[in-house]
Amino acid sequence: MARAVSTQTKVGWTIAAWVIALLIFFPILYTIITSFKSETEAIAGFKLIPSGTLESYAEVQSQSNYFKFFMNSVVISVGSTILALLIAIPAAWSMAFSPTKRTKDILMWMLSTKMMPAVAVLVPMYLIFRDWGLLDSRIGLTVMLMLINLPIVVWMLYTYFREIPGEILEASRMDGATLWGEIVYVLTPMAIPGIASTMLLNIILAWNEAFWTIRLSTTNAAPLTAFIASFSSPQGLFWAKLSAASTLAIAPILIMGWFSQKQLVRGLTFGAVK
Amino acid sequence: MGNITLKQVSKSFGATVIIPKIDLVIEDGEFVVFVGPSGCGKSTLLRLIAGLEDTSGGTINIDGRDVTGEAPAKRKLAMVFQSYALYPHMTVAKNIAFPLKMAGESQASIDKKVQDAARVLNLTNYLERRPGQLSGGQRQRVAIGRAIVRQPSAFLFDEPLSNLDAALRGTMRLEISELHHQLKTTMIYVTHDQVEAMTMADKIVVLNAGNIEQVGSPMELYKTPKNLFVAGFIGSPKMNLITGAPAAKVGATTVGVRPEHLAISKTSGDWKATVGVAEHLGSDTFLHVHSDGVGPLTVRGDGEISVKHGDTIFLTPDPSKLHRFGADGRAI
Numbered sequence: 001m002a003r004a005v006s007t008q009t010k011v012g013w014t015i016a017a018w019v020i021a022l023l024i025f026f027p028i029l030y031t032i033i034t035s036f037k038s039e040t041e042a043i044a045g046f047k048l049i050p051s052g053t054l055e056s057y058a059e060v061q062s063q064s065n066y067f068k069f070f071m072n073s074v075v076i077s078v079g080s081t082i083l084a085l086l087i088a089i090p091a092a093w094s095m096a097f098s099p100t101k102r103t104k105d106i107l108m109w110m111l112s113t114k115m116m117p118a119v120a121v122l123v124p125m126y127l128i129f130r131d132w133g134l135l136d137s138r139i140g141l142t143v144m145l146m147l148i149n150l151p152i153v154v155w156m157l158y159t160y161f162r163e164i165p166g167e168i169l170e171a172s173r174m175d176g177a178t179l180w181g182e183i184v185y186v187l188t189p190m191a192i193p194g195i196a197s198t199m200l201l202n203i204i205l206a207w208n209e210a211f212w213t214i215r216l217s218t219t220n221a222a223p224l225t226a227f228i229a230s231f232s233s234p235q236g237l238f239w240a241k242l243s244a245a246s247t248l249a250i251a252p253i254l255i256m257g258w259f260s261q262k263q264l265v266r267g268l269t270f271g272a273v274k
Numbered sequence: 001m002g003n004i005t006l007k008q009v010s011k012s013f014g015a016t017v018i019i020p021k022i023d024l025v026i027e028d029g030e031f032v033v034f035v036g037p038s039g040c041g042k043s044t045l046l047r048l049i050a051g052l053e054d055t056s057g058g059t060i061n062i063d064g065r066d067v068t069g070e071a072p073a074k075r076k077l078a079m080v081f082q083s084y085a086l087y088p089h090m091t092v093a094k095n096i097a098f099p100l101k102m103a104g105e106s107q108a109s110i111d112k113k114v115q116d117a118a119r120v121l122n123l124t125n126y127l128e129r130r131p132g133q134l135s136g137g138q139r140q141r142v143a144i145g146r147a148i149v150r151q152p153s154a155f156l157f158d159e160p161l162s163n164l165d166a167a168l169r170g171t172m173r174l175e176i177s178e179l180h181h182q183l184k185t186t187m188i189y190v191t192h193d194q195v196e197a198m199t200m201a202d203k204i205v206v207l208n209a210g211n212i213e214q215v216g217s218p219m220e221l222y223k224t225p226k227n228l229f230v231a232g233f234i235g236s237p238k239m240n241l242i243t244g245a246p247a248a249k250v251g252a253t254t255v256g257v258r259p260e261h262l263a264i265s266k267t268s269g270d271w272k273a274t275v276g277v278a279e280h281l282g283s284d285t286f287l288h289v290h291s292d293g294v295g296p297l298t299v300r301g302d303g304e305i306s307v308k309h310g311d312t313i314f315l316t317p318d319p320s321k322l323h324r325f326g327a328d329g330r331a332i
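Top to bottom, those sequences are chains A and B. So the first sequence is numbered by full-length UniProt numbering: it starts at 1 and just counts up by one. So the second sequence is numbered by full-length UniProt numbering: it starts at 1 and just counts up by one.
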């Protein structure tokens with residue numbers, strides 16, 4: 001039953017929601033503000049209105065080739081997502097539509113790999129990459145990110161496929177659809193929103209991944225995470241420049257996220273409500 | 001044609017037996033209703049006929065052909081599901097056309113058949129809508145349309161009206177019955193609602209725990225129930241089943257008397273009873289009474305009776321309408 005909510009309560013909750021949202025967003029906002037400050041301004045203390053200089057951006061671009069890092073990020077995140085989907089769709093499909101006694105165990109086992117601290121396998125992974133000639137290569141990073149995100153992709157798709165009512169598939173079988181007809185005309189069109197939101201979320205996860213991308217790449221395959229990292233150490237801390245680099249790195253994904261927020265929310269909350 | 005014959009058909013899931021061996025003959029053009037309480041195996045039996053479940057034993061013949069191992073689509077049956085099972089991403093027209101498309105029919109023939117089905121089912125104005133934009137009744141009609149266009153040898157309905165509200169259920173019940181008169185195709189209809197069974201069926205199959213308790217026309221089942229289960233299940237309100245002295249008096253372990261076969265008097269009668277609840281429905285009055293030595297009883301009277309909680313009345317059962325049952329629960 002719906003409860004009557006007073007206007008006061010509504011206003012209270014709205015303010016609370018805005019405060020929490022601002023708190024979460026503030027670090028990103030302050031990074032963007034700082035990127036429009038000069039280095040002197042940046043270290044001068046807390047100030048919300050920047051002078052609006054673009055010198056940090058100019059310097060960042062002159063010091064390193066932003067476009068090259070950006071392209072690496074695109075190739076690695078999109079590539080790893082496509083690869084993950086190719087493996088995860090059939091896997092999730094079979095687990096959702098013809099589960100066995102062990103399906104739940106397999107799903108839990110897959111998820112448990114995400115609980116392992118990545119640093120625990122850093123040395124063996126590094127050595128494997130070195131021996132197979134995958135260090136600082138786009139292929140190596142693509143495969144690595146695919147492996148890291150695969151459990152989440154399988155889980156998301158599995159939950160999504162499970163929401164497709166079995167009776168609809170049975171109806172298509174009664175209607176004379178072959179397995180191929182069932183997949184092409186019924187299952188895939190119904191699963192496309194789920195596949196799309198999984199894809200978007202995975203691109204974001206891959207784009208933001210820093211632990212492995214920084215450690216397994218140096219120059220050729222280095223994505224935007226490495227681009228940010230390259231501004232943080234050698235010459236000491238230059239906050240404005242670092243902020244400009246960070247803003248440049250997060251901007252594409254922020255824009256993509258903004259335009260696809262409906263899909264993303266659906267992907268993240270799918271299965272929670274009917 | 002739509003003769004369906006089940007011979008020794010059984011179904012088990014692991015060690016759990018859902019349907020022990022069943023024999024059943026469904027004649028061409030019959031409207032057969034499988035009725036029984038939840039979990040009695042009626043839906044499973046329908047799914048076995050449809051081919052959506054594999055049988056554990058026995059054979060299913062459709063028009064003399066053994067279809068036991070055949071895929072659902074090859075059995076030439078159409079099914080209407082409880083949840084409608086429409087394709088949400090397709091328009092009404094495309095939903096209805098889907099089986100024809102799968103059968104590889106030409107576009108011109110598909111268009112004609114879809115238009116015809118839409119006309120029969122009053123869906124012409126909704127052909128371009130998607131299922132999400134339709135009401136429950138319209139969705140159910142689309143599901144029926146999808147079944148009609150295939151011109152199947154039999155229709156299978158799996159509790160098709162249970163998601164609809166009471167008023168719409170009544171309307172759709174009539175529409176399905178009319179459709180059966182028009183098409184004259186075999187229909188097998190699963191429901192737990194005995195009112196649907198009584199009003200629609202040519203033949204009712206009463207199921208309990210996977211067993212067929214009785215097969216017969218609605219009036220046969222009403223008048224001569226073979227056992228206590230059928231007696232208690234068919235008829236609304238339920239038959240009063242009385243044990244003890246009143247049953248012994250007529251030489252039975254249990255005696256059954258329907259609520260409409262008890263004469264009500266305010267002055268005299270066989271059983272003295274106190275009114276607990278009086279439900280005045282306008283056309284009828286249902287009295288829930290308690291009689292010492294007999295037990296709780298439901299009585300159906302006319303709409304004009306003016307009795308209320310606490311009143312004393314006298315009841316006399318019609319001796320020609322008594323149902324006698326032995327210790328094994330079977331009719332004597």
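Careful, some of the hints might be misleading.
Taking lysine to aspartate or glutamate and the EDC-like style, the derived pairs with C-alpha atoms no more than 20 Å apart in a straight line are [to be verified]:
{"no.": "1", "chain 1": "B", "residue 1": "Lys76", "chain 2": "A", "residue 2": "Glu59"}
{"no.": "2", "chain 1": "B", "residue 1": "Lys101", "chain 2": "A", "residue 2": "Glu170"}
{"no.": "3", "chain 1": "B", "residue 1": "Lys74", "chain 2": "A", "residue 2": "Glu170"}
{"no.": "4", "chain 1": "B", "residue 1": "Lys94", "chain 2": "A", "residue 2": "Asp105"}
{"no.": "5", "chain 1": "B", "residue 1": "Lys101", "chain 2": "A", "residue 2": "Glu182"}
{"no.": "6", "chain 1": "B", "residue 1": "Lys74", "chain 2": "A", "residue 2": "Glu167"}
Reference listing, derived: stretches of chain A covered by chain B, where coverage requires no fewer than 3 residues with Cβ under 8 Å from a Cβ of chain B [as the list claims (entries may be wrong)]:
{"no.": "7", "stretch": "18 to 27"}
{"no.": "8", "stretch": "64 to 74"}
{"no.": "9", "stretch": "162 to 169"}
Hints listed in this document are in silico derivations from the structure and should not be mistaken for laboratory results. Every residue gets a Cβ at the ideal spot worked out from N, C-alpha and C, and that includes glycine.
Original post:
Of the hints stated earlier, which fail here?
Top reply: Structure breaks hints 1, 4, 7 and 8.
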